[in-house]
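Participant: Here the protein sequences line up with chains V and G, keeping their order.
Heads up: the first sequence runs through residues 46 to 318, numbered per the numbering used here.
Heads up: the second sequence runs through residues 46 to 318, numbered per the numbering used here.
Since the hints were derived computationally from the structure, they do not count as laboratory data.
Please note that the accuracy of each hint is not assured.
A pair holds if it fits inside one copy or across any two, identical chains being indistinguishable in the list.
[Said to hold, decoys possible] In silico DMTMM-like links for lysine to aspartate or glutamate, alpha-carbon gap of 25 Å or less:
{"hint": "1", "residue 1": "K139", "residue 2": "E102"}
{"hint": "2", "residue 1": "K248", "residue 2": "E124"}
{"hint": "3", "residue 1": "K289", "residue 2": "E115"}
{"hint": "4", "residue 1": "K248", "residue 2": "D219"}
{"hint": "5", "residue 1": "K248", "residue 2": "D202"}
{"hint": "6", "residue 1": "K297", "residue 2": "D58"}
{"hint": "7", "residue 1": "K139", "residue 2": "E189"}
{"hint": "8", "residue 1": "K248", "residue 2": "E115"}
Number of protein chains: 2
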Amino acid sequence: MSSEAFVTLATTDGYALGALVVAQSLRKVGTQRSLVVMISNNLSDLIKQTLETSFDEVVVVEELNSYDNENLTLLSRPELGVTFTKINCWLLEKYSKCVFLDADVLVLRDIDDLFEREEFSAAPDAGWPDCFNSGVFVYRPSKETFRKLVQFASQQDASFDGGDQGLLNNFFSDWRTSDISRHLPFIYNVTSNTFYSYVPAVKRFRNDIRLVHFAGALKPWQLTYNPQNGKLSGNLEGQHDIQKEFLLHWWKIMYERVWPQLSKNNQQSQQNK
Amino acid sequence: MSSEAFVTLATTDGYALGALVVAQSLRKVGTQRSLVVMISNNLSDLIKQTLETSFDEVVVVEELNSYDNENLTLLSRPELGVTFTKINCWLLEKYSKCVFLDADVLVLRDIDDLFEREEFSAAPDAGWPDCFNSGVFVYRPSKETFRKLVQFASQQDASFDGGDQGLLNNFFSDWRTSDISRHLPFIYNVTSNTFYSYVPAVKRFRNDIRLVHFAGALKPWQLTYNPQNGKLSGNLEGQHDIQKEFLLHWWKIMYERVWPQLSKNNQQSQQNK
Ligand SMILES: O=c1ccn([C@@H]2O[C@H](COP(=O)(O)OP(=O)(O)O)[C@@H](O)[C@H]2O)c(=O)[nH]1
Ligand SMILES: O=c1ccn([C@@H]2O[C@H](COP(=O)(O)OP(=O)(O)O)[C@@H](O)[C@H]2O)c(=O)[nH]1
Ligand SMILES: [Mn+2]
Ligand SMILES: [Mn+2]
Numbered sequence: 046m047s048s049e050a051f052v053t054l055a056t057t058d059g060y061a062l063g064a065l066v067v068a069q070s071l072r073k074v075g076t077q078r079s080l081v082v083m084i085s086n087n088l089s090d091l092i093k094q095t096l097e098t099s100f101d102e103v104v105v106v107e108e109l110n111s112y113d114n115e116n117l118t119l120l121s122r123p124e125l126g127v128t129f130t131k132i133n134c135w136l137l138e139k140y141s142k143c144v145f146l147d148a149d150v151l152v153l154r155d156i157d158d159l160f161e162r163e164e165f166s167a168a169p170d171a172g173w174p175d176c177f178n179s180g181v182f183v184y185r186p187s188k189e190t191f192r193k194l195v196q197f198a199s200q201q202d203a204s205f206d207g208g209d210q211g212l213l214n215n216f217f218s219d220w221r222t223s224d225i226s227r228h229l230p231f232i233y234n235v236t237s238n239t240f241y242s243y244v245p246a247v248k249r250f251r252n253d254i255r256l257v258h259f260a261g262a263l264k265p266w267q268l269t270y271n272p273q274n275g276k277l278s279g280n281l282e283g284q285h286d287i288q289k290e291f292l293l294h295w296w297k298i299m300y301e302r303v304w305p306q307l308s309k310n311n312q313q314s315q316q317n318k
Numbered sequence: 046m047s048s049e050a051f052v053t054l055a056t057t058d059g060y061a062l063g064a065l066v067v068a069q070s071l072r073k074v075g076t077q078r079s080l081v082v083m084i085s086n087n088l089s090d091l092i093k094q095t096l097e098t099s100f101d102e103v104v105v106v107e108e109l110n111s112y113d114n115e116n117l118t119l120l121s122r123p124e125l126g127v128t129f130t131k132i133n134c135w136l137l138e139k140y141s142k143c144v145f146l147d148a149d150v151l152v153l154r155d156i157d158d159l160f161e162r163e164e165f166s167a168a169p170d171a172g173w174p175d176c177f178n179s180g181v182f183v184y185r186p187s188k189e190t191f192r193k194l195v196q197f198a199s200q201q202d203a204s205f206d207g208g209d210q211g212l213l214n215n216f217f218s219d220w221r222t223s224d225i226s227r228h229l230p231f232i233y234n235v236t237s238n239t240f241y242s243y244v245p246a247v248k249r250f251r252n253d254i255r256l257v258h259f260a261g262a263l264k265p266w267q268l269t270y271n272p273q274n275g276k277l278s279g280n281l282e283g284q285h286d287i288q289k290e291f292l293l294h295w296w297k298i299m300y301e302r303v304w305p306q307l308s309k310n311n312q313q314s315q316q317n318k
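Hey, can you work out the whole structure from these sequences and the hints?
Facilitator: Below you can see the structure in the form of structure tokens.
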């Protein structure tokens with residue numbers, strides 16, 4: 046096991062499906078790092094068991110919450126308060142350096158070179174680019190930093206959006222101005238909104254994209270995939286073609302690499318009954 | 046006259062109305078710099094005359110064009126080929142340093158501190174934030190740079206979007222990695238797409254915004270303003286409330302500071318007939 050790790054988080058079965066695809070997409074591109082998932086106690090047994098076979102380590106953490114409904118309403122995302130739970134990742138001190146990945150990302154190409162970066166590195170957010178997007182970041186586990194973050198999070202208006210992104214941007218507030226090497230290239234965290242706003246750039250840099258991030262309300266696991274015709278159905282209205290291709294890519298990994306494990310574990314648990 | 050200047054561009058009467066608002070919004074916040082507008086020969090006499098009373102200098106330039114229809118179709122903006130004309134701004138060698146502003150921006154607060162920056166400084170684009178947005182940038186006029194840019198622009202695929210933004214990003218290609226001081230804060234060039242993608246950040250930084258940029262297909266001068274009830278009409282569907290407020294702000298300057306000049310010039314030209 047490497048002393049460096051990719052870390053993700055899942056507090057629901059839906060996000061856990063995402064985490065399973067994160068793990069498989071990392072294995073597919075041949076990562077040399079350990080894979081860690083933080084979970085809360087809400088997951089079904091089957092999902093939990095499958096996480097255990099896919100990740101090197103499963104860590105149960107306590108849920109933290111911002112309870113900031115005003116700002117979460119602005120985002121139309123009441124579920125994001127629980128993303129404060131993310132800061133538990135600083136407790137993983139047995140790793141010297143980590144890359145946190147949201148459970149709604151898909152790795153397309155090798156990203157192990159992220160470990161050459163230092164805390165705190167993240168890519169600009171394609172909404173307000175003076176903020177970083179908190180779906181992908183490089184950090185150093187440290188109980189001390191965790192303690193400071195919890196203290197910070199307990200203050201009023203700790204997060205300007207009610208989620209972890211507003212919190213971490215307030216905490217690592219010198220990201221914008223201090224050191225350009227802490228700015229990850231956007232190709233390490235290409236968020237879905239990009240596909241509407243600047244298509245020529247997406248086409249230009251398409252083959253450089255290392256990771257896509259299904260940020261926003263529509264998550265891949267909310268769609269339905271038909272393996273017979275290779276088509277997706279569900280709330281796909283208004284989604285850009287490039288976005289649809291990435292969603293399909295996500296589902297191919299789900300179908301080819303995650304489902305077999307889920308059904309194997311399911312059969313075993315049936316037999317054990 | 047200052048040896049430093051704000052420079053804008055208008056090749057049509059519509060964009061020229063924008064340029065007039067740019068000038069008045071800069072005067073309103075008390076700029077100490079010269080105001081320069083580059084125009085082509087398509088403008089009506091009344092507009093041209095009014096530009097002459099609002100700007101310190103009006104420079105007639107030759108239109109350049111990318112004729113890159115494939116990429117401009119991706120943007121749904123066939124009119125953007127002519128934005129190559131922008132690079133004429135490097136010819137203004139009588140100024141030691143300049144800030145280029147698109148004609149579709151509105152200055153809300155003093156931005157003279159931009160002249161402390163060096164060529165080439167620009168703010169990240171909120172669509173693909175590893176590119177800069179070319180609506181606001183700091184540069185040093187130089188015939189030599191102009192010559193290089195024209196040569197560069199004449200190559201195939203000089204611009205990945207068919208407009209000046211793709212061209213300038215290809216030319217100043219080390220902007221992303223070389224020097225963080227060349228990254229202008231986003232508050233100096235807040236583009237319209239932001240208002241849909243990350244509202245909590247907009248609210249958080251609202252009072253810091255120095256300049257809004259009506260980038261995209263809807264331009265303020267395409268709307269209608271009713272001074273009786275202070276309301277806007279036109280194709281406003283789907284526009285965010287904050288965006289509407291800025292559009293209204295643009296129209297107040299148009300109504301209070303530009304129209305009086307236009308009608309005065311109009312009366313005088315009627316009398317001279
Ligand atoms: O109910 C939730 C919501 C979020 N998350 C975790 O927090 C991350 C951030 O939330 P999300 O990706 O939905 O935010 P977005 O990227 O859409 O802003 C997710 O990827 C998950 O890792 C979770 O485990 N349970
Ligand atoms: O027909 C045109 C199109 C553009 N422009 C100039 O080029 C700039 C860039 O175009 P625009 O602002 O429409 O591009 P956007 O910011 O929407 O990408 C404008 O602000 C004007 O200064 C012009 O003079 N005539
Ligand atoms: Mn996410
Ligand atoms: Mn513009």
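Participant: So, against the hints stated earlier in the document, which numbers end up violated here?
Facilitator: As far as the earlier hints go, not one is violated by this structure.
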